[in-house]
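Q: Each chain, written out:
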Amino acid sequence: MVGPKDIAEIAKLARLALSADEQRALQGELAAILAHMAVLANVDTRDVEPMIYGMAPERAASGAVPVAVPVAEEAAGVMPVKDALHGAAVARAGQFVVPNVLTGQDG
Amino acid sequence: MKAASSAVAPLADIATWGVRRQRKAVAEGELTARALVSLYLDRVAHANAALGAYLAVDAEAALAAADELDRVRASGAPLGALAGVPLGIKDVIVTRGLVTTAASKMLEGWMPPYDATVLTRLRAAGALVLGKLNCDEFAMGSTNEHSAYGPCKNPWDLARVPGGSSGGSAAAVAAGLCAASLGSDTGGSIRQPASFCGVAGMKPTYGLVSRYGLISYASSLDQIGPMGRSVDDVAAVLEVLIAHDPNDATSAAPEVAARVVAQLQAAVAARALAGGAGAGADAAGGGGASLAGLRVGVPREYLGEGVAAEVQLAVAQAADMLRDAGAEVTEISLPHTALAMPAYYLIAPAEASANLARFDGIRFGPRLAAPDAPLGQMYEQARGNGFGREVKRRIMLGTFALRTGFYDAYFKKAQQVRALIRRDFEHMPVDMVLAPTAPTPAFALGQHATADADPAAMYMADIHTLACNLAGIPGLAVPVSMAGTLPVGVQLLGRWFDDANVLRAGAAIEARAGMLGKRPPAWEMGQGGAQ
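Protein chains in written order, with the working numbering: chain A, 1 to 107; chain B, 1001 to 1531.
Just chain A, with the same shape it has in the complex (with noise of 0.2 Å):
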């Protein structure tokens, strides 16, 4: 079951703003969904290794998993700031504006 508290509480986690009524609707959604998921319950896993990579399965049996590919400089490039900033809502000598996270408030 999904009650209204574990509503208020993933919606912290998930750092969304939900009206009243996003919140009712929510908790019935999530609830009529979870319930087709009761079945995952009851399939026998046991020794099957999770599936996390979408790779095929020769890849993954390999040991080829994803890792953090060293790239050479030409092929990646790197992005000017100008572009990368190019998104934020404030920003100010070549970096993001944020708010003061040192004060101790998170909301």
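In short, the hints are calculated from the structure, not lab data.
Each hint should be verified, as a subset may be incorrect.
Capping the alpha-carbon separation at 27 Å, the derived lysine-lysine pairs in DSS-like fashion look like this [claimed, not checked]:
hint, chain 1, residue 1, chain 2, residue 2
1, B, K1518, A, K12
2, A, K5, B, K1412
3, B, K1518, B, K1024
4, A, K12, B, K1105
5, A, K82, B, K1105
Residues on chain A that point at chain B, a partial pick, calculated with CB under 10 Å [what the hints assert, rightly or not]:
hint, residue
6, M1
7, I10
8, L40
9, M51
10, V101
Ideal Cβ positions, reconstructed from N, Cα and C, are used throughout, including at glycine.
Since the structure of chain A is provided, determine the placement of chain B on it from the hints.
A: Structure of chain B alone, referenced to chain A:
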């Protein structure tokens, strides 16, 4: 060399030409790139207001690129494989200089400073980008009704959905508003809209097409893929897209990508992908190559209760078409099929909750809180305002699954079940699967989008497409028949990296289905006809 002109055929007919024929016409000077782009821009101008397929069109840039291509052609320099071909790009794929919103308010007006790898490759091949195509917000949805900028409509019936999330990509191709398009497929978002709109669409094997520049939904499931009016059009674009990319850590090894491209090119050379002599097909003497020796399975779990009679009929017809081409078609079992929905709708939202954490009002998105507001409040307001209902629902679901105390029972369990679903495909006694792409043809707008609609019902409608993404295998949707005024498609699911074979089988269906020459009512809108 012939004088460049646009008068080789009525302009309206040129929009029915396949990708390779359009490229040939431009390369040989039969048609200028400018004339071809202008044709499509004109069609978009006539039809898009009613259809809602495009979110942004950059006519000036498209014509400038076309003029440059015409200059290159006139100079005698070699041209790329898609020279002059006008494409639409799903709006979750970043395009330098062209606004990319992921159909979300969160990215309203965002101008990417770089091109996705797929765009770099398409531009290098001479393709011309017309604009950005509508989709469900952040690719989350199956109807294109969750776009923050209004729904896209189905070109066969404007009161119906085009499917999703790549609804705009499918609708634009079907209505002749681009020669081909790019979509993305995380749980069926290329294949299902392709079937709803009567076009071909492919999700390649995971890792074959770079995800660099694809706005992530679920990183272990997402794949970019082409949509076109024919299987050959899909193959023509896919050949350009497939490559190892060092910017994508999940990219297939260079030798694997090269092998698949070689197989595709061999299939083209053998005329195995030409779907027949219908309008839009490029090759004469259709029929495709023999499929002798190919073993195809129809999973009994995919044809159970809830699958409409016309969909069951389409699968049976496609099976007969494959047999006619020489394939052996039998019934098989994929026993963990029913678990695909719960597994997917835990894994995908969980990954999405992590991927969408970057949209925080600092790096992206609106900053709504007062400058002295606490940081957490700033995040919450930006995200609460910037995301739509379906995105918030999936973020909440994903966050639930990853919570301490719930992780093992939900997320880890779903990943284990995913491994079981993958094993079904590893152990299947056939080379590929034939199955429906959706339980029904396209349904009415609003059917799943009302305030009291059951979201689980919408999620259940994805049951046919999810397992393909969970396993990472290739999937191709191809139209088979008409159910009244609506197209019905099927999908072929192959083994890992057997994409070329999947396309061969799809072409064999296409050659026999008689769907290539059919156009939706919205096609006429592009010619300025009555709506």
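Q: The structure should be examined with respect to each hint, and the outcome stated for every one.
A: We went through each hint and held it up to the structure:
Taking the CA atoms of B/K1518 and A/K12, the gap is about 51 Å. The hint is violated against a cut of 27 Å. Proximity of A/K5 to B/K1412 is assessed by CA-CA distance (about 24 Å); at most 27 Å being required, the pair is judged to hold. A C-alpha spacing of about 23 Å is found between B/K1518 and B/K1024, which places the hinted pair at or below 27 Å, so the restraint holds. A C-alpha spacing of about 21 Å is found between A/K12 and B/K1105, which places the hinted pair at or below 27 Å, so the restraint holds.
Taking the CA atoms of A/K82 and B/K1105, the gap is near 23 Å; set against the 27 Å cutoff, the hint holds. Because the smallest distance between the Cβ of A/M1 and any Cβ of chain B comes to about 12 Å, over 10 Å, the interface hint for this residue is violated. Using the Cβ-Cβ criterion of 10 Å, the hint placing A/I10 at the interface with chain B is satisfied: the shortest such distance is roughly 5 Å. The beta carbon of A/L40 is positioned within 10 Å of a beta carbon in chain B (closest approach about 5 Å), and the interface hint is therefore held.
This hint holds: A/M51 has a C-beta 4 Å from the nearest C-beta of chain B, less than the 10 Å allowed. Given hint, A/V101 at the interface with chain B, holds; its Cβ is 5 Å from that chain's nearest Cβ, closer than 10 Å.
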